[in-house]
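2 protein chains.
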Amino acid sequence: MANITTKVSWSSRADESVTAGEGTPLLNGTEQPRHSRQLSEGGSIFQIGRLSTVDLEEEMASDEDSLRGRPKEIPHNEKLLSLKFESLDYDNIENQLFLEEERRMSHMGFRCLEISRWVVCGLIGFLTGLIACFIDIVVEEMAGIKYQVVKENIEKFTDVGGLSISLILWAILNSAFVMVGAIIVAFFEPIAAGSGIPQIKCYLNGVKVPRVVRLKTLVVKVCGVICSVVGGLAVGKEGPMIHSGAVVAAGVSQGRSTSLKRDFKIFEYFRRDTEKRDFVSAGAAAGVSAAFGAPVGGVLFSLEEGASFWNQMLTWRIFFASMVSTFTLNFFLSIYHNKTGDLSSPGLINFGRFESDSVAYNLYEIPLFIAMGAIGGLLGALFNVLNYWLTIFRIRYVHRPCLQVMEAMLVAAVTATVSFTMIYFSNDCQPLGPEHNEEYPLQLFCADGEYNAMATAFFNTPERSVRSLLHNQPGSYNPLTLSLFTLTYFFLACWTYGLSVSAGVFIPSLLIGAAWGRLFGILLASITPTDSIWADPGKYALIGAAAQLGGIVRMTLSLTVIMVEATGNVTYGLPIMLVLMTAKIVGDYIVEGLYDIHIKLQSVPFLHWEAPATSHWLTAREVMSSPVTCLNRIEKVGTVVDILSSTSTNHNGFPVVVQVTDNDEPAKLCGLILRSQLIVLLKHKVFVELARSRLTQRKLQLKDFRDAYPRFPPIQSIHVSQDERECMMDLTEFMNPTPYTVPQETSLPRVFKLFRALGLRHLVVVDDENRVVGLVTRKDLARYHIGKHGLEELQLAQT
Amino acid sequence: MANITTKVSWSSRADESVTAGEGTPLLNGTEQPRHSRQLSEGGSIFQIGRLSTVDLEEEMASDEDSLRGRPKEIPHNEKLLSLKFESLDYDNIENQLFLEEERRMSHMGFRCLEISRWVVCGLIGFLTGLIACFIDIVVEEMAGIKYQVVKENIEKFTDVGGLSISLILWAILNSAFVMVGAIIVAFFEPIAAGSGIPQIKCYLNGVKVPRVVRLKTLVVKVCGVICSVVGGLAVGKEGPMIHSGAVVAAGVSQGRSTSLKRDFKIFEYFRRDTEKRDFVSAGAAAGVSAAFGAPVGGVLFSLEEGASFWNQMLTWRIFFASMVSTFTLNFFLSIYHNKTGDLSSPGLINFGRFESDSVAYNLYEIPLFIAMGAIGGLLGALFNVLNYWLTIFRIRYVHRPCLQVMEAMLVAAVTATVSFTMIYFSNDCQPLGPEHNEEYPLQLFCADGEYNAMATAFFNTPERSVRSLLHNQPGSYNPLTLSLFTLTYFFLACWTYGLSVSAGVFIPSLLIGAAWGRLFGILLASITPTDSIWADPGKYALIGAAAQLGGIVRMTLSLTVIMVEATGNVTYGLPIMLVLMTAKIVGDYIVEGLYDIHIKLQSVPFLHWEAPATSHWLTAREVMSSPVTCLNRIEKVGTVVDILSSTSTNHNGFPVVVQVTDNDEPAKLCGLILRSQLIVLLKHKVFVELARSRLTQRKLQLKDFRDAYPRFPPIQSIHVSQDERECMMDLTEFMNPTPYTVPQETSLPRVFKLFRALGLRHLVVVDDENRVVGLVTRKDLARYHIGKHGLEELQLAQT
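Read top to bottom, the protein sequences are chains Z and H. When we follow our numbering, the leftmost residue of the first sequence carries the number 1, and every step to the right adds one. When we follow our numbering, the leftmost residue of the second sequence carries the number 1, and every step to the right adds one.
Quick caveat, the hints were computed from the structure, so don't treat them as lab data. Possibly wrong hints are sitting among the right ones.
Since the list gives no way to pick one copy over another, a pair counts as held whenever it fits inside one copy or between any two copies.
Lysine-lysine pairs mimicking DSSO-like chemistry, simulated, CA-CA at most 30 Å apart [unchecked claim]:
| no. | residue 1 | residue 2 |
| --- | --- | --- |
| 1 | Lys668 | Lys753 |
| 2 | Lys703 | Lys753 |
| 3 | Lys265 | Lys683 |
| 4 | Lys699 | Lys636 |
| 5 | Lys753 | Lys208 |
| 6 | Lys146 | Lys685 |
| 7 | Lys151 | Lys261 |
| 8 | Lys699 | Lys339 |
| 9 | Lys208 | Lys156 |
This structure is a prediction, so every number in the text was calculated from the model and none was measured.
Next up, chain Z with everything else stripped away, as it sits in the complex:
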């Protein structure tokens, strides 16, 4: 089982599953019973999955037989919290070294720091914009070549027959691109799969997702998304931009690349989780901004997903990064389009310009919009449920990289085939107007001077298809074309999301929504007098796109702003907001948002905004982990090494107490020290005896901790001789002397609020004499959630 879940999990490296999770002493010795409980529950989940899925039933039944023999194969991903994920330390460790440094710094010093923060944000925005520009241009060029080749081929064979050769050519071209994309993702960096938004959500929430902000991930992500978009999959290149921006931010802000082994010796002050997380939110915002030309939307996205404590200066910096990013993209694209200086394409996707006349709406259209929101919510929930089953299936059976690559290629081939079939059998011919904005009009069997309308939707990059659905003249599509397109694209997109390729779900969702929205508009127009206000189906396409996207991802505030900024017109603010709200409310009744589903399937200890409402009867005493492994203020090196090496107590934070008692009596708290700090201390052999003998020895500085950040070596790699084991370590200078504490009687919501608002990693629970009785970590809080039967508790597991 461990094997399976490791394979599909975001980090997916077998060698990483060894590195320890957050300290949860509860597990100490109690792992075995948990495991068995898991298994029995796994069965019931499996049943649920089986009851409603249709196409998967066969395989599942056979699996159920086979698994009776080896029950270890049941993956159980929902009622678990993985111990694999650590927390970020958003709270500053205010130990003596830190305070000394801060006190030494002058007012001018802080000013310079602030300025360098702005510089970093500017750089983040600039580089994110450049990456977006690179992706856009490469995709445009390569897709252009591909469609040109296929178009010529189709035209060649239209008259003479033998279009199946064109189909095969198309399918092979697509599969080839997708194969490259899938191979680099599956074999080199599996975390680069998907849109990356769930991972960034987790990171901003304070979860350290392994490998998520590395340079390698960025490279794979960028190449992967180019391949999957050019490969004609039902995907967008927008989601991955958010992830790319985040990686850029994490890299730039640290002033070095661990992968490339280059250290530029700048921005050393920012080498800690607090600053890094702030910059990553700026990067994510810059990514959104570049993707949709929506700088305000980007800021709101970052805040909605990430922020605990809203800080004005931070928000402005995030806004600055967003602005620079959209500006950079805009500028370079204007050069590429030979319109240097004309800043009119601020994002990767551009909904085109809605003229003021066509966007007017009237009061009596509002109920219609709300109805469309409800439809979007239902369709979105359907999408999510289908994708959920599919993901469960994938977790179980499609976990080997080569299988993943094959599935991706299969999807690419099927997409091409379905598209071709749809175009082939479509007889929706439209006259080729003078102002047609079809890039690759396919004539096929249409009369001269006409083109195949179905091909506009299928034989095109998804961004262009969206735009033509929003803007083409009324009558450009007939209803049958639209309904067939909606239907097939819905299932294709659903199948595609979760493949082992880098790809976003925004554009496919918009495309599905725009298609049925336009259909809705056409039907409306057909049942009402000719020149009524709803004659323009483009308006309904926009609303449909919003509804569908909202139904799938369930964002509201940020998505409203993103949509408004992408349309470039605020007139639609109110309807879009209503539609997104409705879609969210309707959808939430059925199933969670797509990203949340995927986060849950990964068993990430995600902290929501508030503790479950009915959790007031729980107190810190029940929630905390205990007993806690504590250290003395002056501790024997051997003890430290033993504690750190112990696999059963793989904690990351240790309360420092005045004197550890033998009989497990609680001792008085005097500080908190992290595993990473202890490791640096051991590595530099900061032992009391050595300090005495070698008086000239350099005092350990904050710099030494920063140099080791963020990849602290494991304890196994540090050699401590038998003599040194007898030395003593003085932790006073390095521990955080003022960790946040709560009394045992504190209610869970109160603990939660403190923990969440300050982005803590460890919260010490003390009794009324300030003695350590327990420790609350992220998992202790994340495991309570509202289920179908009231408050439920998730199990922790070492997956």
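With chain Z held as given, fit chain H onto it using these hints.
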């Protein structure tokens, strides 16, 4: 002195200055020396004020002479923190009663609560929109009548001579309206003066500004703003909308009106500071939304000004309130304009529609925009400095209500006279086009078929003037008209802000900026070839308006969004953002924003986002107030009454300890109780002995506390007999058993972060044995700030 500062302060009621401020035991007995320090520093401030003011110098010099005799007359408002302002309790008091109630509540109960929160937000939005609509219609109608009367009068006298009669008529009309507005504000509710934004900023920051969210304030505010706008002052009706929205929110969410003595018995759960503050942020957002048709801007305004802990659900509710508010306004205005259902005027101010062609800008215009931002920053700083001196002057000399009314009338008359003179001497005649949008075109001495361009700017409501500056054809104004208008309006607006009338500064700022921006555009066009891209001065008017407003109020993110939403076109997002950033950076070098200046002049203990950067060397030990007045868990009634009655220790929160020691030794903390809770307990005579004797007595419930909220009676009004004084009170059930605590060694930034992020009111400082050694309140934190010479400490004063 006390008299003077009381008069000008926001609460301004002499009887209220008696009600006690936050507990700051430091003051106990040390008030006298503080007073004297104040005085000596007051002199130096006075010098600074004098060095640079020009027009006030004469009065000031004479005052300096007179005040040597009676030094008590020097008001000193800058280096002080007033003890008059209390904090809001944003942190829930999780005592046994509260926990029992929460535990009793089912999941369904919480759902209903959540739904009622949404209902309340909807109501807030609806009512705020209605109020905005009411103000708008009344202003339109009354201003229409006024301008019509004056116009006819002017036309009558233009040929025959005797225009001075028209001037007098105009001046009298204006003064009459302003008199009414000033009288109700000055005599009935002085806190309704000004825009109300500083007050709401303080409230959202967690300061309980007296009387700020009362019904009476709302009524006075609404009538006052109508009078001042109709009275032709250089003011807008937008700022007051934010205050109005906040009052509506505070009223609706409580389900009762204390002023009207009506209790609807609904929303009782929301009767505490936490919920109320959340609703007030929704109200403020709804106000912004109604004022500018900017729902997203409203949300951002609330968050930028108020939020500590960003909560997703709360943000959505705020957004909902904003949307409903703009929708309501839009709908009712569409009926008023006889275009029912045409939702195209979402706000009180509408910048009109910028067509896509005219809004295009090019890369090489960016430096120009930045330069305009810098100009805006400089002019804004000039405005703020002038207004600062003026305010100091007003605090000193214009503190009697009748003087305030007279000043307001004077300004009204001067405004009319200046406007008239400008129009009279202007010879800028423009042809009366077919599509002129002048409501009241004045022909005056122009030829037939022409109108006076100066009158477009002066003889109009400010909103219309802004619109015509943004949209009129190139050539509608000549440069001289614009420069004269900018100059005069700048000084008029500066003089007007701070008068004892309800009025906002947004529109005047926009108007000044639009005027010089248009001038800038015209000059640009005149020095470049004819058909260049900057031929349209409207674009520069918009940028200028943003620059000027940004230079005065110094908001960035929310203001960008507000401007973008008000223009209805996102194309200008980047330039507006650049301009606002530049204006803020330039302006901040010189002086703070206008609102911050006024907050500082009121000595409000305002908490910024972070502790001063260089404050790491301060610890809780230095910051806290000590010794602390503690109570026993079971305390004698007499002691409680004495402590509450003591004027020297007018604290609002008391740590509850296990056993108060006699020799001032610290005792072990076991809870925290508020003055308001003790008062309710005393009022209901919850004494141990009585409970024993009268077994049937009803147990005190949370409801009793809620009924008393928010106007708890003073201790003096509660009668406790001599016998009762000997009884005991058991506080266990009512105190908060888990107050947040910090160790003595915690650094100031760490204390600050905890305090700010959770919106605390009292933070107990304990030693390593959990014994109470001090108490940190808002004033202890707010008094540290970065001054010219590094970290400075403000003095506390009982103003």
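Status of each hint after checking the structure:
Within a single copy, lysine 668 and lysine 753 get their C-alpha atoms as close as 25 Å, and across copies as close as 25 Å, so both meet the 30 Å cut-off. In this assembly of identical chains, lysine 703 and lysine 753 lie within 30 Å of each other by CA distance solely across copies; the values are 25 Å between and 33 Å within a copy. When the C-alpha separation of lysine 265 and lysine 683 is checked against a cutoff of 30 Å, the pair qualifies only within one copy, where the shortest distance is 21 Å, while the shortest distance between copies is 66 Å. In this assembly of identical chains, the alpha carbons of lysine 699 and lysine 636 lie at most 30 Å apart only when taken from the same copy (20 Å versus 56 Å across copies).
Both within a single protomer and between protomers do lysine 753 and lysine 208 lie at most 30 Å apart by alpha-carbon distance, with minima of 20 Å and 23 Å respectively. Proximity of lysine 146 and lysine 685 under a CA criterion of 30 Å is satisfied in neither setting, with 61 Å inside one chain copy and 85 Å between copies. For a Cα distance limit of 30 Å, the shortest separation of lysine 151 from lysine 261 qualifies neither inside one copy, at 47 Å, nor across copies, at 78 Å. In the homo-oligomer, the alpha carbons of lysine 699 and lysine 339 never lie at most 30 Å apart, since the shortest distance is 59 Å inside one protomer and 77 Å across protomers.
In the homo-oligomer, the alpha carbons of lysine 208 and lysine 156 never lie at most 30 Å apart, since the shortest distance is 54 Å inside one protomer and 79 Å across protomers.
Comparing the model with each earlier hint shows violations of hints 6, 7, 8 and 9; every other hint is respected.
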